[in-house]
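Participant: Spelled out from the first residue to the last, the chains are:
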Amino acid sequence: MLSYAIWLAGLVLETVLIVRAVQGRFLGRYPFFYSYLASVLLRSLALVPVFRWRPDIYPQAYWYSQFLLVLLGCGVVWEIYRTALSGFPGAARMAQNVLPFLFVLSFSRVFVKAWNSGHWVPGFTPLETERDLRIVQAALLAGLIALLAFYVVPIGRNLKGMIIGFSFFLGTSLIHLTARDYFGEAFQRAWGYIQPLAYLAVLGIWLIALWFYSPAPEPEPASRLELDYQARLAGTRRQLRLARSHLARTMKP
Amino acid sequence: MIPALYFVLPGVALLIALVIWRTSAMARRFSCEEYFSDQDYAPLSGPDYSCLQLGPKIFDPTDSAFVARETSAHFARRFREERTLLALQWLNQIRRHTNFFMRIHAKAARSNADLRVQDELALGFDFLLFQLTIGILYCAVWLRGPFHAVRLVRYSLAAGRHFDGLTRDLRSAAPSFVADPVVVAAEPPRRNRSAASG
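For the record, the sequence lines run as chains A and B. Counted the way this note's numbering counts, the first sequence spans residues 1 to 253. Counted the way this note's numbering counts, the second sequence spans residues 1 to 198.
There's no promise every hint is true.
Here chain A is said to cover these stretches of chain B; the calculated rule only asks that three of the stretch's residues, wherever they fall, bring their Cβ under 8 Å from a Cβ of chain A [unchecked claim]:
id: 1; stretch: 16–23
id: 2; stretch: 50–60
id: 3; stretch: 65–78
id: 4; stretch: 98–105
id: 5; stretch: 127–141
id: 6; stretch: 159–172
Label pairs and their in silico Cβ distance ranges [claimed, not checked]:
id: 7; chain 1: B; residue 1: 131; chain 2: A; residue 2: 89; range: 25 to 31 Å
id: 8; chain 1: B; residue 1: 53; chain 2: A; residue 2: 114; range: 56 to 62 Å
id: 9; chain 1: B; residue 1: 163; chain 2: A; residue 2: 64; range: 55 to 61 Å
id: 10; chain 1: A; residue 1: 4; chain 2: B; residue 2: 122; range: 52 to 58 Å
id: 11; chain 1: A; residue 1: 218; chain 2: B; residue 2: 88; range: 37 to 43 Å
id: 12; chain 1: B; residue 1: 169; chain 2: A; residue 2: 110; range: 57 to 63 Å
id: 13; chain 1: A; residue 1: 82; chain 2: B; residue 2: 157; range: 44 to 50 Å
id: 14; chain 1: B; residue 1: 131; chain 2: A; residue 2: 231; range: 21 to 27 Å
id: 15; chain 1: B; residue 1: 163; chain 2: A; residue 2: 100; range: 37 to 43 Å
id: 16; chain 1: B; residue 1: 88; chain 2: A; residue 2: 35; range: 39 to 45 Å
id: 17; chain 1: B; residue 1: 53; chain 2: A; residue 2: 104; range: 42 to 48 Å
id: 18; chain 1: A; residue 1: 189; chain 2: B; residue 2: 77; range: 55 to 61 Å
It should be emphasised that the hints constitute simulated quantities derived from the structure, not laboratory data. Glycine is no exception: its CB is placed at the ideal position from the N, C-alpha and C atoms.
If we strip away everything but chain B, and leave its shape as in the complex, we get (with noise of 0.2 Å):
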């Protein structure tokens, strides 16, 4: 059965690709084309800026657990629905955000001889991995709240760092473990010599 659903998987995918290309054309059409309009590069405006700085206060669970303390659980709760909501939507905009610029790149790129292919695959890579970040983190605030989720990414963050510092030690422990069979090889004959000397 799985070798089968290796072979279904090919044409499966084409056809959702078909479906994602035709239902995106539209949204992705209007809005270029509006920002195209002025051809210049003054409308550089894109998305509202403004809300993308008001992330650290969204995600601070400080007030959270100050409403926690002082208010029935009841009401506490519907603050951390409302929170959540507000994360979600927090996460929509800074999405919104890289594809408008995407969008307006690509559609420069796409008539311009001089593009270049590894540049573009480069930005399309970190583009990837953006979207799969937010796309991930959208997951766990939605499954868990916003507070939750931040304390997930820090706890993250910390253990890569605690690996990224076991391994910096393993490498700086290394050389050791290579010179020392070498030294060993190397002792015996200086020993000799020094032997032979006395």
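Isolated chain A (complex conformation) (with noise of 0.2 Å):
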């Protein structure tokens, strides 16, 4: 009953969310996010047949649907990257660069499961699968939130809770995931329950953060500090070796 309930809520938080983006006309600022959302949501409602009259074939129709989604997830962690550095052409730079690095050294180990398992399957399970195209898009979601903070790149409070939602969502993804694989069935009672209960909780971090729309602020226009980089770049390498010559000097015999 409980876990119904739990379902049943989501639903509901699910729809609100893209009925306050059409109610507000947000939904093509962010179209990688409600799609995400809506396939989710389509995703759940076709389930219930499948589950009711074909249960043989739930399992795989859950975890085929579930891979979709996760590659959705992907385009999230796009979108949050294109929105959220699109004033800041240095920060973008930095993130072409890192985000790469890091999607090739996060999916290698991908590739070299699915290289060495002979059909192509990264999991010997799909939960394991899952797992690891998580750790993929966590990667890559830690590699800009690492960046957004150096930068300290002023973002909105829809990407904001988008971030914090998302990272939230892909954290407990993580941590369940494993303890389901790890415990086996004795876990399977408590992931029925914890599993759809982060997910309501990112829910309720969405349905805050994008009750109506409010954009990144807009960059402010280039000070002569900003526009003269090699300078700054020179003074700022001169403070660190000011900083650490002080420290060498108390450290002197």
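Since each chain sits alone in its own frame, please combine them into the complex, following the hints.
Facilitator: What follows is the structure in structure tokens.
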């Protein structure tokens, strides 16, 4: 009964999110995010008749549709990157170099596993495969968060909510997918509640953040300091050297 | 259990990154916006410079030795505790100093299309190394006090220099090791030649 109520609450929250975006006319601003949300909603509804009338094919239907959602999740990460860094060419250039590196690093593991499996499937189980693909998403999102934090990129309420929600979702997914894989059937009952509850919390975060359209603040006009990058770089290096020399002088015998 | 922990790690790391990002965002924004409101080079005063000069005095054990010699053990202990707090404060100050300039740099770099990735990575690496040094030193001071920490650093530096010297000696000795077999290999024909000429 409780799991049914959680499932229903999830459907309601997803519908409200999409309806709010349509009402506020900002659905097109975040196409990947809302495609992802709509896909989750449609998948949940489409799986009901399968579960009721063809329970034998339900696991396959669930996991194949899940992979589609994981791919759409990668699109959400890309959308966050594109929207957040659109007004910051310097930070975007760093992201263009750092994120592909992180992608290759994390995806090479999935690729090697798929190569060795003989069936071109990375994991022994669908659960393991989903976890591996979620690790790729988590690596990309962690890299993006690191860049946003380092370059102090101002982002709007919508994007902030998307990042917090999606990070929370990925973090908890990795933890409970691993727990499910490690403890096996013993964890199944708890997993049945933990996963939907975590997703419900994520939907709550998204609902608060995306209740109305709130774009990222416009970047301020570049100051003299920002235009002269080489001078700034040299200045920062000088300050770092100065601090290091203070430290060295203190420690010198 | 260990492989399972390996898979949990990225998830936990992502959650921690998220928390750090959100908690540091407010403080960062405040100091940066304040600085950039002037939009000029002029206000590059940054944090308090004068206290950075005090480092050698704070870490100097001379007055602590004097206090230990001339006063009671209780007073000397209190003196060392106070000095530890002062040393930690100084380390915090030097860290704030570099953080301040890195934040200004980041804000200048983020909007600049001329940014060079190699330069940014090199600067980031230098900054990370400096932060790591400060962090280790902070732990050492917190655990053992400033005077022991300095002794530890000096000992490490001396050990480093010693190993560096050893490596250099080995390297300078290496050509003779390499040359010897060549000489040995080259010698017989020479001897043969001399024998033939003789």
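Participant: If I claimed the Cβ atoms of residue 88 of chain B and residue 35 of chain A lie 39 to 45 Å apart, would that claim hold in this structure?
Facilitator: violated (51 Å)
Participant: Do the beta carbons of residue 131 of chain B and residue 231 of chain A sit within 21 to 27 Å of each other?
Facilitator: holds (24 Å)
Participant: If you count the residues of the stretch 50–60 of chain B with a beta-carbon closer than 8 Å to a beta-carbon of chain A, do you get 3 or more?
Facilitator: holds (count 6)
Participant: Just tell me: holds or violated, for the beta carbon distance of residue 131 of chain B and residue 89 of chain A against 25 to 31 Å?
Facilitator: Holds, at about 27 Å.
Participant: For residue 53 of chain B and residue 104 of chain A, compare the CB-CB distance with the range 42 to 48 Å and indicate the outcome.
Facilitator: Hint holds: Cβ distance 47 Å, inside 42 to 48 Å.
Participant: Are 3 or more residues of the stretch 65–78 of chain B near chain A, judged by a Cβ distance of less than 8 Å?
Facilitator: Our answer is that it is violated, as 0 residues pass the Cβ test (under 8 Å) against chain A, missing three.
Participant: Examine the stretch 98–105 of chain B: at least three residues should have C-beta closer than 8 Å to a C-beta of chain A.
Facilitator: holds (count 6)
Participant: Between the stretch 159–172 of chain B and chain A, are there enough contacts, at least three residues with CB-CB distance under 8 Å, for the coverage claim to hold?
Facilitator: violated (count 0)
Participant: Counting residues of the stretch 127–141 of chain B that have a beta-carbon nearer than 8 Å to any beta-carbon of chain A, does the count reach 3?
Facilitator: holds (count 5)
Participant: Do residue 82 of chain A and residue 157 of chain B keep their Cβ atoms within the hinted range of 44 to 50 Å?
Facilitator: Because 48 Å falls inside the window, the suggested range holds.
Participant: Quick one: are residue 163 of chain B and residue 100 of chain A within 37 to 43 Å, going by C-beta?
Facilitator: holds (39 Å)
Participant: The hint says 57 to 63 Å between residue 169 of chain B and residue 110 of chain A; measuring C-beta to C-beta, is that right?
Facilitator: Check failed, 48 Å falls outside 57 to 63 Å.
Hint compliance for this structure: hints 3, 6, 12 and 16 are broken, all remaining hints hold.
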